[in-house]
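In order, the protein sequences belong to chains S and E.
When we follow our numbering, the leftmost residue of the first sequence carries the number 452, and every step to the right adds one.
When we follow our numbering, the leftmost residue of the second sequence carries the number 452, and every step to the right adds one.
These are calculated hints, taken from the structure and not from any lab test.
Incorrect hints may appear among the rest.
Identical copies look the same in the list; a pair holds intra-copy or inter-copy alike.
Okay, derived cross-link-like pairs now, DSBU-like style, lysine-lysine, Cα gap no bigger than 35 Å in a straight line [stated by the list, open to error]:
#, residue 1, residue 2
1, K930, K542
2, K567, K930
3, K512, K830
4, K542, K567
5, K806, K638
6, K799, K638
Protein chains: 2
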Amino acid sequence: MSAIRHALSVKRADDFAQWYQEVISAADMAEESGVRGCMVIKPWGYGIWERIQRLMDARIKDAGVQNCYFPIFIPLGNFEREASHVEGFAKEMAVVTHHRLISDGKGGLIPDPEAKLEEPLVVRPTSETIIGDAMSRWIQSWRDLPLLTNQWANVVRWEMRTRMFLRTSEFLWQEGHTAHESREDAKAETMRALEMYRACAEEDLALPVIAGEKPENERFPGAEETWSIEAMMQDGKALQAGTSHYLGTNFAHAANIRYQDREGGQQFCHTTSWGVSTRMIGGVIMVHGDDDGLRVPPRIAPYQVVILPMLREDEGDAALLDYCATLKLGLAEQSACGEPVRVLLDSKPGKAAAKRWDWVRKGAPIIVEVGPRDMADGKVAVLRRDRLWTEQGKPDFAFRALGDFVGDACATLEAIQSGLLEQARERRDANITRGVTSVDEVAAFFAEDQRYPGWVEVQWSKPTGAALDRVVEQLKALKLTIRNVPIGAEPADGSCIFTGEPAVERIYVARAY
Amino acid sequence: MSAIRHALSVKRADDFAQWYQEVISAADMAEESGVRGCMVIKPWGYGIWERIQRLMDARIKDAGVQNCYFPIFIPLGNFEREASHVEGFAKEMAVVTHHRLISDGKGGLIPDPEAKLEEPLVVRPTSETIIGDAMSRWIQSWRDLPLLTNQWANVVRWEMRTRMFLRTSEFLWQEGHTAHESREDAKAETMRALEMYRACAEEDLALPVIAGEKPENERFPGAEETWSIEAMMQDGKALQAGTSHYLGTNFAHAANIRYQDREGGQQFCHTTSWGVSTRMIGGVIMVHGDDDGLRVPPRIAPYQVVILPMLREDEGDAALLDYCATLKLGLAEQSACGEPVRVLLDSKPGKAAAKRWDWVRKGAPIIVEVGPRDMADGKVAVLRRDRLWTEQGKPDFAFRALGDFVGDACATLEAIQSGLLEQARERRDANITRGVTSVDEVAAFFAEDQRYPGWVEVQWSKPTGAALDRVVEQLKALKLTIRNVPIGAEPADGSCIFTGEPAVERIYVARAY
Chain S
452 MSAIRHALSV KRADDFAQWY QEVISAADMA EESGVRGCMV IKPWGYGIWE
502 RIQRLMDARI KDAGVQNCYF PIFIPLGNFE REASHVEGFA KEMAVVTHHR
552 LISDGKGGLI PDPEAKLEEP LVVRPTSETI IGDAMSRWIQ SWRDLPLLTN
602 QWANVVRWEM RTRMFLRTSE FLWQEGHTAH ESREDAKAET MRALEMYRAC
652 AEEDLALPVI AGEKPENERF PGAEETWSIE AMMQDGKALQ AGTSHYLGTN
702 FAHAANIRYQ DREGGQQFCH TTSWGVSTRM IGGVIMVHGD DDGLRVPPRI
752 APYQVVILPM LREDEGDAAL LDYCATLKLG LAEQSACGEP VRVLLDSKPG
802 KAAAKRWDWV RKGAPIIVEV GPRDMADGKV AVLRRDRLWT EQGKPDFAFR
852 ALGDFVGDAC ATLEAIQSGL LEQARERRDA NITRGVTSVD EVAAFFAEDQ
902 RYPGWVEVQW SKPTGAALDR VVEQLKALKL TIRNVPIGAE PADGSCIFTG
952 EPAVERIYVA RAY
Chain E
452 MSAIRHALSV KRADDFAQWY QEVISAADMA EESGVRGCMV IKPWGYGIWE
502 RIQRLMDARI KDAGVQNCYF PIFIPLGNFE REASHVEGFA KEMAVVTHHR
552 LISDGKGGLI PDPEAKLEEP LVVRPTSETI IGDAMSRWIQ SWRDLPLLTN
602 QWANVVRWEM RTRMFLRTSE FLWQEGHTAH ESREDAKAET MRALEMYRAC
652 AEEDLALPVI AGEKPENERF PGAEETWSIE AMMQDGKALQ AGTSHYLGTN
702 FAHAANIRYQ DREGGQQFCH TTSWGVSTRM IGGVIMVHGD DDGLRVPPRI
752 APYQVVILPM LREDEGDAAL LDYCATLKLG LAEQSACGEP VRVLLDSKPG
802 KAAAKRWDWV RKGAPIIVEV GPRDMADGKV AVLRRDRLWT EQGKPDFAFR
852 ALGDFVGDAC ATLEAIQSGL LEQARERRDA NITRGVTSVD EVAAFFAEDQ
902 RYPGWVEVQW SKPTGAALDR VVEQLKALKL TIRNVPIGAE PADGSCIFTG
952 EPAVERIYVA RAY
């Protein structure tokens, strides 16, 4: 195995952070823009986002949620209304103060002092307050409920330390916002959205996730309950990949979202919000990437099969391209995971081997090379991205008759999809440690070898207020956080590792992005 | 005909501007947001935009253009580089000057003086300069060309007077940006994008348009050539519905976009940009709307067929809903305009007649009402939105056997699509006046009855500089503008109506949005 010459210069095991950056650059997914904290998402990275959008959007629409679009600018006053929302969000945001530039007289431009806004506008960090305004206009009676809206948008949260896809000042996301008659209905919607995220993460992105409730200290500012899906990266850290919030009537009070109930009385709505972002792409990289680059699950791969003709820049090329075009057509007529197979015939100039490694680094699920001899034999050379190497450290090409390959390409794609999920699930499950019964044990566990050995499941008494603060501080000293209280876990049967009191539930503790 | 009780309170002929606002509100497409110049796009309006996006995006991808995403913030310095671009854009833009809010000590929030940005950031009004920076990084050699990128994004241009969809401070659009080796290649791309817009406008939106070159005074700031598609609204005014720019090497010089040519020398790239926006939806309203509301062309209708069961809130409802579900399934299995038919079974509570008029105002192409008696007879009552009224002023229902209706629903949708285009084309062609040979005649023509009688085709000598300024001033006094120099017009054969010199081409003169 030591004979393998991997396609990246940095290995996961050697420097995970550096490896992550190299995957993004080697797979040509994104780059720094030169604008503080903002990235440029390049075609391969954006193509993955488009796939995630399409699949998630279908799930959102299936749930009867309707897409809208709300203003990017939120008047400052909106943030002053909901006290804990201010506290949580009114910190690092981009503030628009002027609406015109003028010449500074020296060849440069400055904000025009004459064009100062009376009320500054905030570039949305999230849209509860502006959508709350709309809901207060749209909802009169219980007949208008539930109101189920969503928007796909860019948002800005000024970040001091940024990392591509994981934490950038501007990012792309969807935000669902719903209003309901009762706590019960709103909670059901909160859980529906959470389950939708779980299903999309696992079925589409092949990311095994733990769905559960965040502890009080990690709640969205203004929420009554915050639920998350958490995925384990290959360095053992957790990534919060989506959240769903039950907001109680807090935002309804702030924005005056009221309805006439069935008895004619006035009630405040119970609202929810839920979102996933381009951060998910960071999760895909850190769960499925290997020392050769990214591996994109077929459902979210912009191209599922890439055909590389071995062109020689002679008269033979035309026939070879014809053969490849036939192959492409044959594949595109097949249906994998419910959609036509997405095939690229990459006939750009360049050596086939160099192009092969580009597509390996990008993580195209299946790469097919076709040379004149393959064509003469009616064959193709097939490389599966999830089984790249032979035991001898060579690229593991299978030479298949064209018809045979086309005939089972869809089954292969589906096998790759489920294989990636299974592999990630096994790795995650192997790296969750149970039965840890004291904070010291937790500390010793995470100190060992300076590794990140995964997550630890512990039992606790669910302290609140100052007692919870003490727990958070203890964990913070160990660079750890509580990820969530998993749904469907075994009931607690021991003592709280923090307070010594009888435990009421199990939680996951981990390092996190 | 006077017996018709139309579904809107204002008629096009009585007050076109007021009618436009009423359509938007009655079709529940959008509303004012309370944030200056920004609108909220509601589900029906946004659904139309999603359809336009999907169809246009497919055309963009078919041309080999790849979607990316670039930062919303553009450093001020980027605007200082390209002189005419500054002149044209560096005026009314949203300027971010701070990145944090703090308490004002009185319960309010203010921008934190400690968090003032060293260099203000502009919320993108368009992205030539920031994408130019990326191109300068991405392009080294002629092998990297052409570079074909596009993004779907929100942009902001501070507007003093706004009108929903037509002119808002924030709007949604796509912007294509491409770089090429030669003027010839870049011009070919400029024309390809223009033709793509023409085809999408006519085939998808059923908007007949005139494609042509804008006069020098109407060029995009920094462009060598600006081309547009222009549509005629029902008040005779023109709407510029899309533009495509050949930018020469101006932006390449500003952002240093250079490549090594085939001989090893360094050359500046020739670039293009092209865009269409949510403004197109304003065009759809003003071309296809009538005194009963919007009429959405089937290809861009979020729902093409709306089924309204006449529910009685008794035990009979279940069977009726079953019958309607069968109908829905039968329709969804059909394919119109190359996609499965989009059907809504609207079983929300409410009287069927009230719901019918809601869908008439929204402009769903086909409305199907089904009552218990229809079900008993195996029939449905079909209303075509493009043929709403009988000669007696009643809704023109056709009672059809269910199977017959399902069998020809796709043909009906395609007939509605082409009928809307044909109707708009005939109206436009009937309202273009040719043979006008003096400015006085033009003035008299547009003064007549205070009507907006359409467009006038005149011949001109294509003056430039100060001579063109005089033409623009003359027209401005008449509230007229030059729309474009249509592609494929008859050659000029007369004198310029402005200068008296021999004419070189024909132009359209009109009032415009």
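The hints, checked one at a time:
1. Only within a single protomer do K930 and K542 lie at most 35 Å apart by alpha-carbon distance; the minimum there is 23 Å, versus 48 Å between protomers.
2. Proximity of K567 to K930 under the C-alpha cut-off of 35 Å is restricted to the inter-copy arrangement: shortest distance 32 Å between copies versus 44 Å within a copy.
3. In the homo-oligomer, the alpha carbons of K512 and K830 lie at most 35 Å apart only across protomers (30 Å), although the nearest pairing inside one protomer, at 43 Å, exceeds that limit.
4. Taking identical chains as interchangeable, the C-alpha atoms of K542 and K567 lie at most 35 Å apart whether they share a chain (21 Å) or sit on different chains (13 Å).
5. Taking CA atoms no more than 35 Å apart as the test, K806 paired with K638 passes between copies only; the shortest distance there is 30 Å, against 50 Å inside one copy.
6. Only between protomers do K799 and K638 lie at most 35 Å apart by alpha-carbon distance; the minimum there is 23 Å, versus 52 Å within a single protomer.
Violation of the numbered hints given earlier is absent; every hint is satisfied by the structure.
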